[in-house]
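Given chain X, work out where chain W with the ligands should sit, using these hints.
Same order as they appear, the protein sequences are chains X and W. So the mapping is simple: our numbering equals the position in the first sequence, first residue as 1, plus 4. So the mapping is simple: our numbering equals the position in the second sequence, first residue as 1, plus 100.
Honestly, the hints are just simulated from the structure, not real lab data. It should be emphasised that the depicted structure is a prediction, and the values quoted were computed from it without experimental measurement. Some hints here could point you the wrong way.
In silico contact screen, one side only, chain W against chain X (beta carbon under 7 Å); selected entries [stated by the list, open to error]:
id: 1; residue: Asp159
id: 2; residue: Gly162
id: 3; residue: Glu165
id: 4; residue: Leu615
id: 5; residue: Ala647
id: 6; residue: Leu653
We put the beta carbon where it would ideally sit given N, CA and C, even for glycine.
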Amino acid sequence: MTNMVTLTIDGLPAIVPAGTTILNAAASIGIEIPVVCYHPHLTANGLCRVCSVDIGRRLQAAACVTTVAEGMVVNTQTKDVVTARRTILEMLNSTIDLSEAPHLQDLLLEYDADTERFDGMERRESPVHDDNPFYLRDYNKCINCWRCVQVCAEDAQYTFALSFDGRGFHTLIGTFEGDGMMDTTCVFCGQCVGVCPTNALKPKRQFLLEQGVDPDDIFRQTRRGGKRRREPVAEN
Amino acid sequence: MVQPATIDLTALGPILDRYRGRGRESLLPLLHEAQDVSGWLPREVLQAIGETLHVPLADIHGVVEFYSMFYNEPTARRVIRVCFDPACHMAGSPAVRLAIEERLGLKPGETSQDGTITYETVPCLGMCEHAPNALNGDRTAGDLTPADVDAFLEGVYPEPEPKIYGGPLIKLARAGKIDPTSLADFEKYGGYKALRKALTMRPEDILSMMKGSDVLGRGGAMFPVGLKWEMTRNAPGHPAEKHIVANADESEPGTFKDRALMEQDPFSLLEAMAVAGYTVGAENGWIFLRGEYPRAYKRLSNAIEKARAAGYLGHNILGRRGFNFDIELRLGAGAYICGEETALFEAIEGKRGFPRIKPPFPTTHGLFHQPTVINNVETLAATTAVLNMGVEQWHKLGTAESPGTKWFCVSGRVLRPGVYEVPFGLTVRQLIQMAGGVIGREVQAVLLGGAAGVFIGPRRLDTPLTYEDSKAQGFPIGSGVIMVFDEAVDLREIMYMLARFFAHESCGKCYPCALGTQRQLEIVERVLRYGGPLPGDVNMLRDIGLAMTQTSLCGLGQTAASAILSAVDRWPELMQPDSSNGRIVSDN
Ligand SMILES: Cc1cc2nc3c(=O)[nH]c(=O)nc-3n(C[C@H](O)[C@H](O)[C@H](O)COP(=O)(O)O)c2cc1C
Ligand code: SF4
Ligand code: SF4
Ligand code: FES
Ligand code: FES
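Bound-form chain W, shown alone:
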């Protein structure tokens, strides 16, 4: 067993001092800072935090227990996190994990004797274009092979930059071409042009522009951005009591698009949020970033500091009297559910990430139960694109009902995985071709829309990727996931990983999802590993799926059966006992 390090509260003192006078909404940031001291959160530390922020100890305990990246048992300051989800699995993650385990002498979840290193296998790290990948503390690593493991563990393996392709690059125009840490560079290449333009317009005119642009939310729910901004603007409340939240939680397996912008062009997110703040009449900006994006965190922090120093954030922005807007960057702590908008608010408020019952909706009762716009990072990027190019030009891209561009996350068995910014209307096949085609003989299946999406077979590859086709043909565009599987992939393994993901990430609030994701996982696991399906398993999956889909409280449970049932429907043979069943495949 690991020797618990002696608890040194002296290092904590100055941190607590900075937080004195604040309340529960500072709980997550303080837990992060406190954990950085010794790698975990001993009892004494939690008690001191409770006293400082005036939060009941039971509640602090509940919060620490909820988030995977908070530890109340001895854990090293350096955690090695290796992705075990589909894209990485197909690209050789099992062999990399084996090499790491041999080298460290640790199994997943274990900490070294000397307490200096903890090793974990984790869900999708949002870097699928660099599969297989891992984090060494705050250092990212991609395209790993067993031979790279030494360099990776020593912290000298190079950090990969996002891979961005497609065209025309509108929302990602600057990405990869400018120094993401330089405000001067950003300004030189058109940065803050949209905000300057916005300030020459009345908020009402910007709203009608946004409505005319037909930009739908890129986070999955496809709500029109113009309408959302207008509803929040019209909600009663002073600008000091309204919020603009950028949803940068990006944790759905196969999704990595927002990271590309935040790492390569972080100022553009701040600009878009300021435009939203001006338009809506909201003074508080928040970015909620998933905890596993250390580099995006650094680049966004740097950008916020520089933008503030230059007067792009703060009071009377760009000399406009009364236009106040600032941004607080918040780091998640390992919980996919916190991408759900109301769970995200709860997380910022210092609670367990339990989704709220809707209505009321965020536009009137959002963060701190005040009027709130919450938008996906890509949605926000689209709004500045529209401002810069005008509604007419925007409509020249894409189709009539789906104007503009979309970021697709192409991953899996293709030659050139990456973020593809393309106009709406390309087919799945065209995107796969753009990505260099399938590795292997042929496409066996494509997962569209993410873990919460559906599988399609090779006969449906000519489906155009538009909102109208998505509606007509019953597949989600979702967060733009296109994960490709060739003939060599055992789809049951992929189903198992998706089921494992939902069971791991269900918040546990409502019964159909908390119980259903677990039972779904057990059935899929039995099919894959323990001798194949039993009679009745398909019916059970269908009943569980029905209960989850129709009665769950939030979108997680409502979509947790989608991909799995789509596979069962399309390929009934997956649920038939056969000779390949019963073998033991590599775990986790």
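Okay, chain X solo, but in the shape it has when bound:
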């Protein structure tokens, strides 16, 4: 029999198996803690910290990677928790184009984020990569959730086409020496596109449809044509 752990979340008792995360313990009694980087099928790295909750310590705990302890008292909505959450969301919004990330738009509203608070400050910008017939990479929309890197590596595909450029605020997802995807180890399995939460990775078909391109043209442009570098499609 598994060891059960009793804890309190927002004043309610929860009894869950030892080793459960605070996130899942809360969910088990109907309390939803907001998440951004977390994906139930991928390694959780505790990146966004939006899921941070009060556990009666100086530091808050990231609910997606912190396991419960006997007698733990969790508060998911203290003043500090909400301030931190809102501030992280505001900073993210001032850095990244979240216009095609509906979940983040919801959170910005829910936490009453001031979307103009950090206006005029540096954004994380980079050119759109249109270097293969299958998907586009627009890292202006990328929140560095690492999901694409992980599915490309040990979480799924073992292809290792993706890694990082730079560090700190200026960290971007990148390839070896900035090579186009056709020149990397990428096998175009599409898993990265599937897990991307912000449309930073977008199927080319979808992109071209949004641009109003004729479906026949789209078929010609996205047909698999062997592994070689393609001329980028003109942008406007």
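Here is chain W with the ligands on its own, set in the frame of chain X:
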């Protein structure tokens, strides 16, 4: 633009041959060696390295991009690095940089036309007692003036030795008095006495001695060393799968204490690590040294070779059957975050220095996810001191709750900056007096504990430096930084430099720190340079500070707002628009 040198892979061949059969954990050393060939790491070189070590190219790229001292663009073999952080800034680094820039005709980040010299401005070089200072390739230089620049660039300017003061000198007893390259000298002055003594004792007895000594970690987190060793000893695993790591990354602005020992008494670090290895039952020693400590690197390499030749490292040490312990010296490559223990493990394992989520802790899941003791250099030095003098004598130094001595890094506007080894309990004022007093009229502020510490004002100078006072009064002892500012210093400039440091050094893993350090820098910069604060700036700094402090993944983000908010709290006028705002001060 610089002409990329033709890539000559022939010089690389013999290097790669030596690394064949090894894996990813050899990535950083191989990148260092490969870069030494031509000054940077061209695509072809990285591809050859990937093949040799069987590391995916994307991952190699990610690693090269992470560390400031690895270059994937044409860079000269000789890099001039000039410190632009507070201690050097106050001591005249801007004028020195101007002279260098004029002489070389280069701006920071540029390489000369002929590709022979690259010039950079860099964060604290860990030589604040020689401010302003710089590196010319592997040569260190301190107390520079514009008049010294020619000699410095020609490589004939003398290299400074660490400045060590205070007393009683316990952990630094030999420093400066012996030839740091001579094992014989080390042995003559009490070297390897502690290890010999340890071998007469049972590991359990050494553990209780360490616990009785109440030595707390000197790297900042103040964890009891005896407990850490015991937990690692008790963790399941064979000694061949356990590690002793000396954290010699020392990259926090204002910190330079560990360098003093490593340059002046390098054998003592090896001895302390061997004692730890014996006590814990761990056969693998690692020293992770920051990349900007070329002389410590040379002296430690030399010491390791000599200790190995003399049987102080290797198998059956000092004739004790089954006591095996060896040390590998690893060089960092310009990333403060790699001082964080789990990021340090990642660096040794050949990855980007991203801190891991804790738990699990290093004592069970450290280097290669095996049981690991990681200790600061000074902590290790304290353990041999305790062995040599006994717990009772050790407790006669310092206070009841903070026994023994501590190395303080006194820098900034004092007459005699240096490493001060003193018993716990002296006040900040006493240390400043020991250091010859303040240069200038009076103390305006002191930065305690480092960039991650707090500012205190002149009214708090009588604060005793002990763990108990640090807890009661909410200031960190940290790595022992005491940086002094006189009335002439514009504290906003110092705040700007601290903010710049954290933004530069954030690893980028978690959002509050990656985004927060950048926004904090932009706000502080606006206050200093672009017309003063806007309404709401103080609130923004506080909210950013709260988010970083409470929710960041590691200690970097958790302390990145500490000093800046302490200044905002203590001197609200710093965040008020005034006439001196809006001027352009010297950059970088
Ligand atoms: C950003 C960051 C940088 C650090 N840098 C160092 C360092 O350079 N040297 C060090 O000994 N500890 C450093 N630490 C603390 C280490 O994580 C760790 O606590 C320490 O090495 C443990 O040794 P100790 O118990 O002997 O102090 C750093 C921590 C953080 C969060
Ligand atoms: S591209 Fe998408 S999946 Fe990849 S890190 Fe960015 S947001 Fe996440
Ligand atoms: S707090 Fe900063 S340095 Fe630490 S993991 Fe987060 S981003 Fe990296
Ligand atoms: S959801 Fe927990 S850190 Fe992102
Ligand atoms: S070496 Fe320049 S500030 Fe430390």
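Going through the numbered hints above, which ones does this structure break? Give me the numbers in ascending order. Nothing - there is no hint that the structure violates, so all of them hold.
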